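Chemist: Produce the complete structure using the sequences and hints provided.
In order, the protein sequence lines correspond to chains R and A.
Numbering follows numbering that gives the first Met the number 0, in which position 236 of the first sequence is assigned residue number 235; successive positions increment by one, without gaps.
Numbering follows numbering that gives the first Met the number 0, in which position 326 of the second sequence is assigned residue number 325; successive positions increment by one, without gaps.
Rather than coming from a laboratory, the hints here were simulated on the basis of the structure.
Predicted model, so just to flag it, every value in this text is computed and none were measured.
Note that the Cβ used here is the ideal one computed from N, Cα and C, for glycine as well.
Some hints could be false.
Beta-carbon label-pair distances, calculated as ranges [what the hints assert, rightly or not]: (1) 108(A) / 166(R): 39 to 45 angstroms; (2) 212(R) / 32(A): 20 to 26 angstroms; (3) 112(A) / 215(R): 20 to 26 angstroms; (4) 200(R) / 52(A): 29 to 35 angstroms; (5) 147(R) / 281(A): 48 to 54 angstroms; (6) 88(R) / 281(A): 54 to 60 angstroms; (7) 197(R) / 51(A): 18 to 24 angstroms; (8) 60(R) / 103(A): 46 to 52 angstroms.
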Amino acid sequence: MEPVIGMDCPPAMEGNFLSPTALIWQDILAQAMTGELIAAMNYTSLSQICDDPGEIADALEHAQGERGHAAAFAAEGRRIGVDVPNNVDAKHWKRLREAFLRCVADRDFIGCLIVQEIMLESFAVASYARVARVAAGSLGKTFAAIAAEEEEHIDHAMEILRRERALDRKRFDDKVHRLHLDVMTTLSEMMARDCRTGHCEVCHGSCVKPSLFEVSLSAVELRGASLQQYLKTLDMLGLPGEVTLQWVAQLPV
Amino acid sequence: MGSSVAGVVSRERLISDDSDVIDFALIGHQESWKAAADVLAVLRGPERTPLPDDEIRDILPWIPPRAVCHVEIGSTCVSADGVTSRVRARGLYIDTFIPSDRLDSAYLHENIARVRAAAACAIRAGAKIVSLGGFSSILIEGNFELLPERHATVFTTGNTLTVGFIVQGVRKMCALEDRDLRASTLLIVGATGDVGSGCARCLAPLVRRVLLSARNLERLHRLAAELEADGVEVEFATDVRRFSHEADVVICAASLATPSFLLSRIGPDAIVCDAGYPKNLSASAQMPGVRVFFGGLGQISGGMRFEPDFRGILNRHPFPDVVHGCLLEGMALALEGRFEPFSQGRGSITPERVAQIERIAARHGIHLAPLYNADGPVEVDADAGKCVASSAF
Numbered sequence: 000m001e002p003v004i005g006m007d008c009p010p011a012m013e014g015n016f017l018s019p020t021a022l023i024w025q026d027i028l029a030q031a032m033t034g035e036l037i038a039a040m041n042y043t044s045l046s047q048i049c050d051d052p053g054e055i056a057d058a059l060e061h062a063q064g065e066r067g068h069a070a071a072f073a074a075e076g077r078r079i080g081v082d083v084p085n086n087v088d089a090k091h092w093k094r095l096r097e098a099f100l101r102c103v104a105d106r107d108f109i110g111c112l113i114v115q116e117i118m119l120e121s122f123a124v125a126s127y128a129r130v131a132r133v134a135a136g137s138l139g140k141t142f143a144a145i146a147a148e149e150e151e152h153i154d155h156a157m158e159i160l161r162r163e164r165a166l167d168r169k170r171f172d173d174k175v176h177r178l179h180l181d182v183m184t185t186l187s188e189m190m191a192r193d194c195r196t197g198h199c200e201v202c203h204g205s206c207v208k209p210s211l212f213e214v215s216l217s218a219v220e221l222r223g224a225s226l227q228q229y230l231k232t233l234d235m236l237g238l239p240g241e242v243t244l245q246w247v248a249q250l251p252v
Numbered sequence: 000m001g002s003s004v005a006g007v008v009s010r011e012r013l014i015s016d017d018s019d020v021i022d023f024a025l026i027g028h029q030e031s032w033k034a035a036a037d038v039l040a041v042l043r044g045p046e047r048t049p050l051p052d053d054e055i056r057d058i059l060p061w062i063p064p065r066a067v068c069h070v071e072i073g074s075t076c077v078s079a080d081g082v083t084s085r086v087r088a089r090g091l092y093i094d095t096f097i098p099s100d101r102l103d104s105a106y107l108h109e110n111i112a113r114v115r116a117a118a119a120c121a122i123r124a125g126a127k128i129v130s131l132g133g134f135s136s137i138l139i140e141g142n143f144e145l146l147p148e149r150h151a152t153v154f155t156t157g158n159t160l161t162v163g164f165i166v167q168g169v170r171k172m173c174a175l176e177d178r179d180l181r182a183s184t185l186l187i188v189g190a191t192g193d194v195g196s197g198c199a200r201c202l203a204p205l206v207r208r209v210l211l212s213a214r215n216l217e218r219l220h221r222l223a224a225e226l227e228a229d230g231v232e233v234e235f236a237t238d239v240r241r242f243s244h245e246a247d248v249v250i251c252a253a254s255l256a257t258p259s260f261l262l263s264r265i266g267p268d269a270i271v272c273d274a275g276y277p278k279n280l281s282a283s284a285q286m287p288g289v290r291v292f293f294g295g296l297g298q299i300s301g302g303m304r305f306e307p308d309f310r311g312i313l314n315r316h317p318f319p320d321v322v323h324g325c326l327l328e329g330m331a332l333a334l335e336g337r338f339e340p341f342s343q344g345r346g347s348i349t350p351e352r353v354a355q356i357e358r359i360a361a362r363h364g365i366h367l368a369p370l371y372n373a374d375g376p377v378e379v380d381a382d383a384g385k386c387v388a389s390s391a392f
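Modeler: Next up, the structure:
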């Protein structure tokens, strides 16, 4: 997918005023928007391997919802005077998308749900909730509302995944672990305190992480909250806590 | 399972036949960042580089309370007819992941929430009995209603066996130092807490005079009146420095942020039992000449096995299979098949209850651990070993 706007375009201006933190919010929104577009693409891909018409409709509805979230983030950008870029081909996001597409290629519906709903959405819900705490006005409300909607997605998927796990716990847990190694390793690198592997290809200029304190956020907080949410989601699925702790402890930092 | 099994084993049985059943759960946390780093290093495995200290400090506070490992314990029971049987029980160690620098009152609500979440883990795992280790016990001991709905799981603070091992330790240390306990003046710091008041009730009849110190004057009044009614000579004060110089034997049952300040006036020959949590009294550093030992610790002779292998990481003592008394209480009750909330609330530990839990523990080979302190073993004939002061167990 092409970026909605070019990566090098200057931020939009409303009159002559641009908040000192607008460029930080621009990068935060760009990450969120890219994540939503990846989610929309994933759900569209998922619809192609569903057999049940109801499941197809659900997947397409979710895809539409995620596109709506992306549009909402773009609108919030305009409200604070910045254009919000996106880059679904950015290195981390591309790897996450490829991990999902491998599940699609295997026609692995459960694998798709695990990647999107358990892993990617855990990070989205936790990160958005933290951003919502500090973002003022409409921006904060949008992040909070989208976090709540994403949480509903997780709840919906949990029912399906719990049923699947009840059929064969070991097989299910092995699959989660295999996907964890693939997806969570990428997410951990993406959420690391410092971007040690170079530019993420989403931030507009230099890495936004060192500047997050200016909007009362930190990369440490976003990573911590995301991993916490992920562990809690795995707990809700019934995976043993001592096992998932070991998985998370082995992730790169 | 550990190898220190005495006698001929003629029968072996598990407390629960179903291998999925969790007989006991132990709730605790790491006493230092170093201990937390070691736990995470085990979880990461030898093939990965350990996490840097700053990353550990960033990540650990976000980890929700959860099981860290399985624990299997064994005991040897000798019946009246001399038949030896081996009993095994299975458990879980659940860590609250309370950071070691967040034990103060500023984090009270957050820490209670963590203990509640850890308790919920134990309940979900179907643990029959749960011991609240160390600081989690301090947080919950008077507030069991704060725990989640419990179904078939019972909780114990484990404080009764802790008191038993403190008292045994004091008596042993006095014997080692050739001191006459009956001629001693006993000072208890943190006297109105569950452990402190239990120690007072057990030791008051054995000493010449008792000094009580705690923050709550009303509770001090009540405890002193109770002891005086039994003919004990008692003094009490909220400021320990008022009479600390008079003490021959000191039990420090409070968690002291600045122990050297509070105990600076203790006589140079005093015996001091560090019964607080975490244990932070160091004779060589803070009170030269004073004989300090860590109290409230027991040793399980039937052995203890961790899966994954956290031996020496979760139980960081200079002797094998040493565990805090509060955790051993739940283990002893599990081995006994007595799944009951033996220690609850505050101020109800009596010499009779202590004797009862000591008998149960002894029946399963759980005894007072060899005495040691931050500098190493204090017993001449004790095996020397690596000495690490902090421990979740």
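Chemist: Each of the hints needs a verdict: does it hold here or not?
Modeler: Quick rundown of the hints versus the structure:
1. 108(A) / 166(R): 39 to 45 angstroms: Between residue 108(A) and residue 166(R), where Cβ atoms are some 41 angstroms apart, the hint holds.
2. 212(R) / 32(A): 20 to 26 angstroms: holds, 23 angstroms
3. 112(A) / 215(R): 20 to 26 angstroms: holds, 23 angstroms
4. 200(R) / 52(A): 29 to 35 angstroms: Between residue 200(R) and residue 52(A), where Cβ atoms are some 31 angstroms apart, the hint holds.
5. 147(R) / 281(A): 48 to 54 angstroms: For residue 281(A) against residue 147(R), whose Cβ atoms are near 52 angstroms apart, the range 48 to 54 angstroms holds.
6. 88(R) / 281(A): 54 to 60 angstroms: Between residue 88(R) and residue 281(A), where Cβ atoms are some 59 angstroms apart, the hint holds.
7. 197(R) / 51(A): 18 to 24 angstroms: Between residue 197(R) and residue 51(A), where Cβ atoms are some 20 angstroms apart, the hint holds.
8. 60(R) / 103(A): 46 to 52 angstroms: Taking Cβ atoms as reference, residue 60(R) and residue 103(A) lie about 50 angstroms apart, which means the hint holds.
In this structure, none of the earlier numbered hints is contradicted; all agree with it.
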